[in-house]
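Colleague: One letter stands for each residue in the lines below.
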Amino acid sequence: MPNCLERKKVLLVPLDPVHDIGLKMLRRGIEEAGHQTMLLPPDLPPEEIVSVISRESPDQVLVSRTLGYGVAELLARFVDLTDAAGLRDKTTLVVGGMAIRPELAAELGFDAGFGPGTSVDEVIAYIEGRPFQPDAAKVKKEKAQLTAGYTYEYRHPAIGKLLDKIVDGILEWTEGKTSLGIKRARLRDEAWDVEMWRQGKIDDRFSEAYAALCDPVAEAYYRKGEVHPKTRRQSKEEIARLEDYLTSVEKRMTVRRLQHQERQPRVFIQYGTGCPFMDIAHIKVCEAWGADGVVHFDPSWGARTEGFIGDFLTHQEDGSVITPENLAWIKAALEPSTLWQVRAHRGVNTPETVVLAGKLGADLTKINIAYGALAAGTDPARLTVDGVEAIRMAVKYNLPFDVVTNEELAGVPAHKAFAGMLIVAALARRLGGRPMLQPLFAFSPEVMVSGQMGDNYVDFNAAKIEALRAIIDAPIWPGAPIGFLTQTEDRVQSSMTTALHAALAASLQVDAISIASSDEAYSGGPIVAASRVDTLRAVAEGFRFFGEGRVEPTKQAGPWAREIVEKIEAVLRAVADAPSFPEALYTGLLGSKEEGAYPGRGGRGTVTTE
Amino acid sequence: MAQGVLSQVLDALDLETFLICSSEEEGKEMAIRLMKTLGFHDVDLVFIQFAGPGARVRARAYIYRPGQDYAWVRNVNREGKG
Numbered sequence: 001m002p003n004c005l006e007r008k009k010v011l012l013v014p015l016d017p018v019h020d021i022g023l024k025m026l027r028r029g030i031e032e033a034g035h036q037t038m039l040l041p042p043d044l045p046p047e048e049i050v051s052v053i054s055r056e057s058p059d060q061v062l063v064s065r066t067l068g069y070g071v072a073e074l075l076a077r078f079v080d081l082t083d084a085a086g087l088r089d090k091t092t093l094v095v096g097g098m099a100i101r102p103e104l105a106a107e108l109g110f111d112a113g114f115g116p117g118t119s120v121d122e123v124i125a126y127i128e129g130r131p132f133q134p135d136a137a138k139v140k141k142e143k144a145q146l147t148a149g150y151t152y153e154y155r156h157p158a159i160g161k162l163l164d165k166i167v168d169g170i171l172e173w174t175e176g177k178t179s180l181g182i183k184r185a186r187l188r189d190e191a192w193d194v195e196m197w198r199q200g201k202i203d204d205r206f207s208e209a210y211a212a213l214c215d216p217v218a219e220a221y222y223r224k225g226e227v228h229p230k231t232r233r234q235s236k237e238e239i240a241r242l243e244d245y246l247t248s249v250e251k252r253m254t255v256r257r258l259q260h261q262e263r264q265p266r267v268f269i270q271y272g273t274g275c276p277f278m279d280i281a282h283i284k285v286c287e288a289w290g291a292d293g294v295v296h297f298d299p300s301w302g303a304r305t306e307g308f309i310g311d312f313l314t315h316q317e318d319g320s321v322i323t324p325e326n327l328a329w330i331k332a333a334l335e336p337s338t339l340w341q342v343r344a345h346r347g348v349n350t351p352e353t354v355v356l357a358g359k360l361g362a363d364l365t366k367i368n369i370a371y372g373a374l375a376a377g378t379d380p381a382r383l384t385v386d387g388v389e390a391i392r393m394a395v396k397y398n399l400p401f402d403v404v405t406n407e408e409l410a411g412v413p414a415h416k417a418f419a420g421m422l423i424v425a426a427l428a429r430r431l432g433g434r435p436m437l438q439p440l441f442a443f444s445p446e447v448m449v450s451g452q453m454g455d456n457y458v459d460f461n462a463a464k465i466e467a468l469r470a471i472i473d474a475p476i477w478p479g480a481p482i483g484f485l486t487q488t489e490d491r492v493q494s495s496m497t498t499a500l501h502a503a504l505a506a507s508l509q510v511d512a513i514s515i516a517s518s519d520e521a522y523s524g525g526p527i528v529a530a531s532r533v534d535t536l537r538a539v540a541e542g543f544r545f546f547g548e549g550r551v552e553p554t555k556q557a558g559p560w561a562r563e564i565v566e567k568i569e570a571v572l573r574a575v576a577d578a579p580s581f582p583e584a585l586y587t588g589l590l591g592s593k594e595e596g597a598y599p600g601r602g603g604r605g606t607v608t609t610e
Numbered sequence: 001m002a003q004g005v006l007s008q009v010l011d012a013l014d015l016e017t018f019l020i021c022s023s024e025e026e027g028k029e030m031a032i033r034l035m036k037t038l039g040f041h042d043v044d045l046v047f048i049q050f051a052g053p054g055a056r057v058r059a060r061a062y063i064y065r066p067g068q069d070y071a072w073v074r075n076v077n078r079e080g081k082g
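Chains as they are written, first to last, in full-length UniProt numbering: chain A, 1 to 610; chain B, 1 to 82.
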């Protein structure tokens with residue numbers, strides 16, 4: 001507490017017919033800081049206030065007033081009155097309130113002005129004549145460790161036993177099998193020197209050996225320097241400009257925290273405008289507005305092309321091309337606290353994506369054999385052998401990964417999608433990996449048909465989380481994104497439902513969420529930065545609104561959770577009895593054609609023996 | 001001046017308003033016409049909802065599509081003053 005010489009005498013003046021709430025809040029903070037305050041009632045004539053100033057001789061006068069018609073003149077007249085009374089040089093005059101800005105306060109003759117969003121601490125710092133230092137703990141962000149503290153122990157012994165049996169079968173089935181994807185991953189792992197590459201040194205031996213493992217499109221890049229026909233190379237000049245832009249932005253860049261009280265859930269956005277420049281620009285916007293992590297979304301053709309090409313490439317389709325150059329630039333643009341996920345879950349480059357992500361410094365990847373084989377176009381047998389290798393590479397490069405269940409979007413019931421997710425998680429657990437469970441947290445085709453969200457959007461999502469927690473002690477990261485299919489092209493509605501899903505996620509204490517942009521449902525063009533800001537602001541407000549309060553599911557969530565667990569067990573029993581895991585995928589045990597899950601054709605017939 | 005500022009738009013410019021009209025179709029036509037009258041070419045409606053007196057619209061003009069030559073990268077030292 002300040003001593004009597006440092007203690008200030010502060011007169012609080014609501015120069016307003018009614019409102020003095022802001023000043024009452026300020027009074028509490030100023031008194032707690034050890035200063036003396038005197039709060040006048042609202043609606044006093046300016047002459048009477050000047051008379052009080054004359055009598056009390058305060059060090060500071062804090063005037064509160066919302067700006068409206070004629071108020072600027074009223075405030076200016078008040079300053080003139082204090083001047084005429086000979087008090088202007090003896091006291092500091094400050095004005096605060098909605099629509100007040102520092103430059104306006106100076107124009108009206110005040111010493112300082114505080115607008116909306118001013119904290120009590122900021123005003124106290126001014127009163128005490130010291131620079132305002134925001135609470136470092138509130139703005140300092142550190143990179144989150146999403147898998148810390150989880151044991152991955154099975155809480156449901158019968159399901160644990162089934163999962164172990166299925167994992168035994170997968171490892172036995174994949175033994176001795178290989179693919180072009182695995183060969184490229186191992187070549188990239190062993191022979192691609194990332195430091196040499198950063199120095200611009202081309203390793204012809206790697207290029208030659210790599211080209212022999214690619215399909216014609218990628219091979220043409222290494223042999224003839226041709227890029228994919230849908231892409232264009234960015235020029236050296238463009239790249240130099242981007243470097244200048246980044247340097248300039250980083251000078252004024254700060255990050256904010258989205259979460260209010262708790263640190264969960266961490267919020268991820270997915271980028272993939274097609275252009276690494278635009279991706280970087282969007283990422284910087286999202287970091288500034290509080291995103292904790294970003295997910296690299298690649299074009300679907302990239303998942304069907306054997307092999308990666310290089311160069312700084314842009315195009316105008318959904319998803320940004322994975323090349324070492326594109327990834328390295330995006331990585332270089334990230335703030336130190338931002339988690340970076342490079343997805344590797346669905347295509348014929350799955351294991352190599354993990355290697356590339358690991359070598360270029362990603363924090364997370366994404367692997368799911370079942371989703372990638374049933375709803376993302378890759379052959380189940382191919383993705384099973386590649387998936388096992390991808391998990392091994394994730395372990396080697398110390399990359400935790402989420403196991404997404406987007407097959408729910410095709411109409412596959414949650415229990416089948418979850419059975420596939422849990423099998424991959426169990427496989428990871430066996431191989432020493434750190435999987436995260438990623439249930440879809442949304443209004444999905446399954447519930448549209450069966451009606452579990454007819455009453456609200458809370459119960460079935462809560463049931464999913466409860467079911468997973470009843471089976472295994474693992475981190476949970478709903479997405480991707482939350483609220484999907486509840487969104488429309490309406491900015492307000494989409495931002496609001498995203499925020500409500502985020503608040504539900506916070507209530508359920510999951511580790512992370514992936515959110516959409518408010519114009520994610522608009523299909524006429526790419527997502528824009530302004531819409532990303534709208535959604536991030538809405539999510540922050542959702543966290544603020546509930547704080548330590550909670551969204552409560554109804555009693556229906558409990559029975560649904562138990563039902564999901566029972567059905568998962570039944571599915572796993574059938575998978576354990578199937579001739580092989582790929583056979584279970586082909587025959588629809590984890591999602592049938594009738595449910596909208598079609599075994600993928602990409603890479604069919606390409607599994608070979610070692 | 002306006003062109004200078006527009007070059008600093010990161011990707012698109014959205015115009016949100018309420019149009020007095022008698023149907024969603026009419027509202028859509030008016031919104032697109034409004035954007036074109038303002039000089040925008042790459043325009044679309046992100047959102048339109050008609051009820052009662054008229055339509056709530058959100059019209060969009062893409063200033064830059066991904067992969068184009070962005071002036072905000074070239075104008076880096078202008079600090080957005082356009």
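It should be emphasised that the hints constitute simulated quantities derived from the structure, not laboratory data. Glycine is no exception: its CB is placed at the ideal position from the N, C-alpha and C atoms. There's no promise every hint is true.
Take a look, some chain A residues computed to stay more than 12 Å from chain B by CB distance [unchecked claim]:
#: 1; residue: E31
#: 2; residue: P157
#: 3; residue: R232
#: 4; residue: G274
#: 5; residue: R392
#: 6; residue: A410
#: 7; residue: S494
#: 8; residue: D519
#: 9; residue: I527
#: 10; residue: A540
#: 11; residue: G558
#: 12; residue: D577
#: 13; residue: P579
#: 14; residue: T587
Only pairs whose alpha carbons sit at most 25 Å apart, straight line, appear in this in silico SDA-like list of lysine to any residue [claimed, not checked]:
#: 15; chain 1: A; residue 1: K183; chain 2: A; residue 2: E153
#: 16; chain 1: B; residue 1: K36; chain 2: A; residue 2: K24
#: 17; chain 1: A; residue 1: K331; chain 2: B; residue 2: D69
#: 18; chain 1: A; residue 1: K230; chain 2: B; residue 2: R65
#: 19; chain 1: A; residue 1: K230; chain 2: B; residue 2: L10
#: 20; chain 1: A; residue 1: K177; chain 2: A; residue 2: A212
#: 21; chain 1: A; residue 1: K567; chain 2: A; residue 2: A212
#: 22; chain 1: B; residue 1: K28; chain 2: A; residue 2: A530
#: 23; chain 1: A; residue 1: K359; chain 2: A; residue 2: L409
#: 24; chain 1: A; residue 1: K236; chain 2: B; residue 2: N75
#: 25; chain 1: B; residue 1: K36; chain 2: A; residue 2: S51
#: 26; chain 1: A; residue 1: K8; chain 2: A; residue 2: G68
#: 27; chain 1: A; residue 1: K230; chain 2: B; residue 2: Q68
#: 28; chain 1: A; residue 1: K24; chain 2: A; residue 2: E153
#: 29; chain 1: B; residue 1: K28; chain 2: A; residue 2: V120
#: 30; chain 1: A; residue 1: K230; chain 2: B; residue 2: D44
#: 31; chain 1: A; residue 1: K230; chain 2: A; residue 2: V217
#: 32; chain 1: A; residue 1: K236; chain 2: B; residue 2: Q8
Rough simulated footprint, nothing fancy, chain A against chain B, three-plus residues with beta-carbon under 8 Å [claimed, not checked]:
#: 33; stretch: 6-12
#: 34; stretch: 20-33
#: 35; stretch: 57-65
Colleague: Look at each hint and say if it fits the structure.
Modeller: Going through the hints against the structure:
1. E31: At roughly 42 Å from the nearest Cβ of chain B, E31 (chain A) sits farther out than 12 Å, so the non-interface label holds.
2. P157: holds, 50 Å
3. R232: At about 7 Å from chain B, R232 (chain A) fails to clear the 12 Å cut-off, so the statement is violated.
4. G274: violated, 4 Å
5. R392: holds, 35 Å
6. A410: Holds, because the least Cβ-Cβ distance between A410 (chain A) and chain B comes to about 26 Å, which exceeds 12 Å.
7. S494: violated, 9 Å
8. D519: violated, 6 Å
9. I527: violated, 9 Å
10. A540: holds, 20 Å
11. G558: holds, 38 Å
12. D577: holds, 48 Å
13. P579: holds, 46 Å
14. T587: For T587 (chain A), whose nearest Cβ neighbour in chain B is about 41 Å away, the distance exceeds 12 Å, so it holds.
15. A:K183 x A:E153: violated, 33 Å
16. B:K36 x A:K24: violated, 51 Å
17. A:K331 x B:D69: This hinted pair holds, its Cα atoms lying about 22 Å apart.
18. A:K230 x B:R65: holds, 15 Å
19. A:K230 x B:L10: holds, 23 Å
20. A:K177 x A:A212: holds, 19 Å
21. A:K567 x A:A212: violated, 46 Å
22. B:K28 x A:A530: holds, 22 Å
23. A:K359 x A:L409: violated, 32 Å
24. A:K236 x B:N75: holds, 17 Å
25. B:K36 x A:S51: Violated, at about 60 Å.
26. A:K8 x A:G68: Measuring from Cα to Cα gives roughly 31 Å; hence the hint is violated.
27. A:K230 x B:Q68: holds, 14 Å
28. A:K24 x A:E153: It is violated: about 52 Å lies between the C-alpha atoms, which goes past 25 Å.
29. B:K28 x A:V120: The given pair, whose Cα atoms are some 47 Å apart, is violated under the 25 Å limit.
30. A:K230 x B:D44: holds, 24 Å
31. A:K230 x A:V217: Distance ~11 Å between K230 (chain A) and V217 (chain A) Cα, so the pair holds.
32. A:K236 x B:Q8: The given pair, whose Cα atoms are some 22 Å apart, holds under the 25 Å limit.
33. 6-12: holds (count 3)
34. 20-33: violated (count 0)
35. 57-65: Holds, because 5 residues of the stretch 57-65 of chain B bring their Cβ atoms closer than 8 Å to Cβ atoms of chain A.
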